[in-house]
Amino acid sequence: MSVQIAELQGKNGLPPVKFGEEVSGAETLLRCLILEQVEYIFGYPGGAVLPIYDSLYGSYFKHILTRHEQGAIHAADGYARATGKPGVVIATSGPGATNLVTGIATAQMDSVPLVCITGNVAQNLIGTDAFQEANITGITIPITKHSYFVRDIRDLPRVVKEAFHIATTGRPGPVLIDIPKDVSNAVAPFTYPDQVEIRAYKSAVEPTDEEVQAFVQAISESKRPVIMAGGGIISAGADQELLAFAEAARIPVINTFMGLGGFPGVHELALGMPGMHGSYTANQALLNADCVIGLGARFDDRITMGRTKEFAPKARIVHVDIDPAELGKNVSTAIKVTGDVKSTLKKALPLVSRCDSEEWIDQLKKWQEEFPYSYKKDGDVLKPQAVIELLYQSTNGEAIVTTDVGQHQMWTAQYYKFKHTRSFLSSGGLGTMGFGFPAAIGAQIAHPDRTVIAVVGDGGFQMTNQELAILSQYKVPVKVAIINNQCLGMVRQWQELFYDNRYSQIDLTCSPDFVKLSEAYGVKGLRASTPEEAKAVWAEALAHDGPVVVDFRVAQEENVYPMVAAGNTLDQMVLGDE
Amino acid sequence: MQRHTIAILVNDQPGVLTRVATLFGQRGFNIDSITVGGSEEPGLSRMIITTGGDEQKIDQLMKQLYKLIDVITVTNLSENAYVSRELALIKVNASPSQLAELNAIVEPFRATIVDVGPASLIVQVTGDTEKIDALLVLLESYGITEVTRTGSMAMARSVVPVPANV
Ligand SMILES: Cc1ncc(C[n+]2csc(CCOP(=O)(O)OP(=O)(O)O)c2C)c(N)n1
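Sequence lines, in order, name chains A and B.
The numbers in numbering that gives the first Met the number 0 rise by one with no breaks, and the one at position 33 of the first sequence is 32.
The numbers in numbering that gives the first Met the number 0 rise by one with no breaks, and the one at position 8 of the second sequence is 7.
No lab work stands behind these hints: they were computed from the structure.
What you are looking at is a predicted structure, and each value in this text was computed from that prediction instead of being measured.
Treat each hint with caution, since some may be false.
[As the list claims (entries may be wrong)] Derived BS3-like pairs: lysine-lysine, alpha-carbon spacing no greater than 30 Å straight-line:
#1 Lys84(A) with Lys418(A)
#2 Lys313(A) with Lys56(B)
#3 Lys130(B) with Lys313(A)
#4 Lys375(A) with Lys308(A)
#5 Lys66(B) with Lys335(A)
#6 Lys328(A) with Lys56(B)
#7 Lys201(A) with Lys66(B)
#8 Lys62(B) with Lys335(A)
#9 Lys418(A) with Lys364(A)
#10 Lys62(B) with Lys308(A)
#11 Lys130(B) with Lys328(A)
#12 Lys375(A) with Lys364(A)
#13 Lys160(A) with Lys62(B)
#14 Lys62(B) with Lys345(A)
#15 Lys66(B) with Lys308(A)
#16 Lys201(A) with Lys56(B)
#17 Lys56(B) with Lys335(A)
#18 Lys66(B) with Lys345(A)
#19 Lys66(B) with Lys84(A)
#20 Lys515(A) with Lys534(A)
#21 Lys56(B) with Lys308(A)
#22 Lys62(B) with Lys84(A)
#23 Lys201(A) with Lys62(B)
#24 Lys66(B) with Lys160(A)
#25 Lys328(A) with Lys90(B)
[Said to hold, decoys possible] Stretch-level coverage of chain A by chain B, calculated; a stretch enters the list once three of its residues show a Cβ under 8 Å from a Cβ in chain B:
#26 191-199
#27 271-281
#28 324-336
[As the list claims (entries may be wrong)] Over the 12 Å line for every Cβ pair with chain B, so calculated as not near, a few chain A residues:
#29 Ser23
#30 Thr143
#31 Arg150
#32 Ile165
#33 Pro263
#34 Glu369
#35 Lys418
#36 His419
#37 Gly430
#38 Leu516
#39 Ala519
#40 Ser528
Glycine is no exception: its CB is placed at the ideal position from the N, C-alpha and C atoms.
Given only the sequences and the hints, what does the whole structure look like? Please build it.
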């Protein structure tokens, strides 16, 4: 058989790819990744992926060797959230693959496009409990958008093509490709399909004209409308359309936690975040609105508090979502629009007219002035909220900020006014401790010239702090701000409020000296314990040309307010100590 | 809680049954019965699943099923007229001397005795679930030692129901 060898010039500075040559499965995979315009791979080698790592040797790809597979997948996730491009991660079979599980579930809950490549034992060993064998496709069925177990090298190009397509289109999500070692070692002439054909899979969902008309009609009939903009605005890249739409129709905007940055937090129509730790105004807006317009938001129980009947009691709910299963899933909806939020807003913009909403906007502004986020300032004591304000002011809201999970996460969502899309990266759906720091690494790699800050708790940071090695090894200038309250703060808060101050297992006073720990990894470490020190030290950190870890020693007993306790309704909001 | 019979056309791929069954569990649904087999098109299988839940929950379940990449169509057969059949084999404690008597019982059900042993015989019956339940009640008095049932197979009557909105 004569082999047709053609060469396809790589796009965007990527190397050319030869077609028709007999190559191994491992080499096939890497050529597919080039054709998918992948530049960075986050991963960790092992026996079952040795053929892939051998092909990687000296290749074009920039591979980031994290110190734990969980670090690799969260970094790939941070890269994806910061860019909108799919993150790519490689892990070996068995323990390597299972170490990805938390990261896959995190990406699934927040609709983040990831392609996770795992090796597996050779097919003749599958099912024998072979060394380092795990049924990773089986384990991850409930937490992936889709997954593949590749049985034949000839399927590999199609599988990779489909995986990228599925991960990035429709409602994005993680896709897993499990490749047994014999497939990586097999040889076949290289090909790559031009097109994806997946029966019954809808990659783009356009709203119908009737749906858009109903949507616009509902808005025109309302006097107290409010938009609740979710993470869908960000994944659809609809931030500009949202801005234009809200301004044209004069509708105030609530950003859900996942939607922060999708509408500028400093805009006169911005009301802040709703829900459990949301702003007074955002929650009052939901309680009093006559029309709530959910755009790529899923009415999560951190917003409805699970009390869906009492949620937005005076409002007709209009819901636009790319995932039809979200419409009517959590709250009952008057108008359902199945569609990509970007194209829906584009279609609706020419039809919408200015609402009669000035009185409503005035009322909301009054609430905002009367009940802003606030905390008690206390002389020389460094308050965690003050640290977040400092981060915000010093960067003028221009940084990419990732967070871990806990009190610091909520304070960041409250006190950092995000101006830009894809600038707030946090595990919303799963609430994954250990996410924030590696996600910042991925974001910084994607945006080497931007300031990237990882706001982490002293608890969560210790779940993935071994990735400090990456900062020096690859010269990644992330600024880590540890909000160090020497305890598992959010757990402490719940134990104080709901368990009668019985502080069970939250003591972190025996943490390492984070400054010395950073120095051990070759990263600059700084510490601040008072507001003045915080200012000086943070200025030094920002001025430093490279990674820095700042250990902010903050008041331990601070709580996140406002707060709606789980099981209560939004009108049962506790405003806090002030 | 209403009963629903759902027909799911899927790619005949390894793991697809696990994906569908897992989704039921993940979304809090109990599978009462499940049958899987070939369909009119090579490469596609049809699953018939019976489950319970109110209208709104079933609607949500169907939309979630549609999100599975290997799922081609999802139809709630219970929304329209449909035919449903189940096959059961029932082992009864009875001796050959009781054959005539048992034949008289099973005959109105169009069931047949397909095996006769010294101390037991096997009745084969097809029909909808209620019919099989009714026959089981009748055979109870002889002593039933073993029952195996296929679960429902089902198909819409000539009016084809519209697949769930995607
Ligand atoms: C992997 C994981 N384990 C446990 C939890 C439960 N959890 C939520 S917040 C929290 C405390 C976080 O403490 P810390 O990282 O110090 O942050 P702080 O709340 O003090 O800001 C815990 C344990 C979680 N979200 N994720």
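Evaluation of the provided hints:
Between Lys84(A) and Lys418(A) the alpha-carbon distance is near 21 Å, which keeps this suggested pair within the 30 Å criterion. Distance check on the hinted pair: Lys313(A) and Lys56(B) sit about 24 Å apart at the alpha-carbon level, within 30 Å; holds. Straight-line distance between C-alpha atoms of Lys130(B) and Lys313(A) comes to about 50 Å, which puts the hinted pair past the 30 Å bound. A C-alpha spacing of about 35 Å is found between Lys375(A) and Lys308(A), which places the hinted pair above 30 Å, so the restraint is violated.
A C-alpha spacing of about 18 Å is found between Lys66(B) and Lys335(A), which places the hinted pair at or below 30 Å, so the restraint holds. Using a Cα cut-off of 30 Å, the hinted pair Lys328(A) and Lys56(B) holds, with the two alpha carbons roughly 8 Å apart. Taken as a hint, the Lys201(A) and Lys66(B) pair is honoured in the structure, with Cα atoms around 9 Å apart against an allowance of 30 Å. About 14 Å separates the Cα atoms of Lys62(B) and Lys335(A), which keeps this hinted pair within 30 Å; it holds.
Simply put, Lys418(A) and Lys364(A) have alpha-carbon atoms about 19 Å apart, close enough for the 30 Å limit, and the pair holds. About 22 Å separates the Cα atoms of Lys62(B) and Lys308(A), which keeps this hinted pair within 30 Å; it holds. At roughly 36 Å between alpha-carbon atoms, Lys130(B) and Lys328(A) are farther apart than 30 Å, so this suggested pair is violated. Distance check on the hinted pair: Lys375(A) and Lys364(A) sit about 23 Å apart at the alpha-carbon level, within 30 Å; holds.
Restraint check for Lys160(A) and Lys62(B): satisfied, since their Cα atoms lie roughly 25 Å apart, inside the 30 Å limit. For a cut-off of 30 Å, the pair hint linking Lys62(B) to Lys345(A) stands: about 26 Å separates their Cα positions. Proximity of Lys66(B) to Lys308(A) is assessed by CA-CA distance (about 27 Å); at most 30 Å being required, the pair is judged to hold. Pair hint Lys201(A) plus Lys56(B) holds up; C-alpha atoms about 23 Å apart against a cutoff of 30 Å.
With a C-alpha separation of about 17 Å, the suggested pairing of Lys56(B) with Lys335(A) holds against the 30 Å cut-off. Simply put, Lys66(B) and Lys345(A) have alpha-carbon atoms about 26 Å apart, close enough for the 30 Å limit, and the pair holds. Note on Lys66(B) and Lys84(A): the hinted pairing holds, with a Cα-Cα distance of about 22 Å set against a maximum of 30 Å. At roughly 21 Å between alpha-carbon atoms, Lys515(A) and Lys534(A) fall within 30 Å of each other, so this suggested pair holds.
A hinted pair counts as satisfied when its Cα atoms are at most 30 Å apart, and Lys56(B) with Lys308(A) qualifies at roughly 16 Å. Taking the CA atoms of Lys62(B) and Lys84(A), the gap is near 27 Å; set against the 30 Å cutoff, the hint holds. In summary, the hint linking Lys201(A) to Lys62(B) is supported, as the alpha carbons are separated by about 13 Å, within the 30 Å threshold. About 19 Å separates the Cα atoms of Lys66(B) and Lys160(A), which keeps this hinted pair within 30 Å; it holds.
Taken as a hint, the Lys328(A) and Lys90(B) pair is broken in the structure, with Cα atoms around 45 Å apart against an allowance of 30 Å. Residues of the segment 191-199 of chain A lying with their CB closer than 8 Å to a CB of chain B number 3, which satisfies the three-residue condition for coverage. Under the rule that three or more residues need a Cβ within less than 8 Å of chain B, the assignment of the segment 271-281 of chain A is violated, with 0 such residues. With a cut-off of 8 Å between beta carbons, the segment 324-336 of chain A has 3 residues touching chain B; three or more are needed, and the interface restraint holds.
Look at Ser23(A): its CB is around 24 Å from the nearest CB on chain B, clear of 12 Å, so calling it non-interface holds up. Look at Thr143(A): its CB is around 10 Å from the nearest CB on chain B, not clear of 12 Å, so calling it non-interface is violated. A beta-carbon of chain B comes within 12 Å of the beta-carbon of Arg150(A); the shortest separation is about 8 Å. Its beta-carbon lying about 6 Å from the closest one in chain B, Ile165(A) breaks the requirement of being farther than 12 Å from that chain.
The beta carbon of Pro263(A) is kept farther than 12 Å from every beta carbon of chain B, the shortest such distance being approximately 32 Å. In this structure Glu369(A) is separated from chain B by more than 12 Å, as the shortest Cβ-Cβ distance comes to about 39 Å. Its beta-carbon lying about 34 Å from the closest one in chain B, Lys418(A) satisfies the requirement of being farther than 12 Å from that chain. Residue placement check: His419(A) keeps its beta carbon more than 12 Å from all beta carbons of chain B (closest about 31 Å).
With a least CB separation of 18 Å from chain B, Gly430(A) remains clear of the 12 Å interface cut-off, as annotated. Non-interface status of Leu516(A) relative to chain B is upheld: no Cβ of that chain comes within 12 Å, the nearest being about 40 Å off. At roughly 43 Å from the closest C-beta of chain B, the C-beta of Ala519(A) stays outside 12 Å, upholding its exclusion from the interface. No beta-carbon of chain B comes within 12 Å of the beta-carbon of Ser528(A); the shortest separation is about 47 Å.
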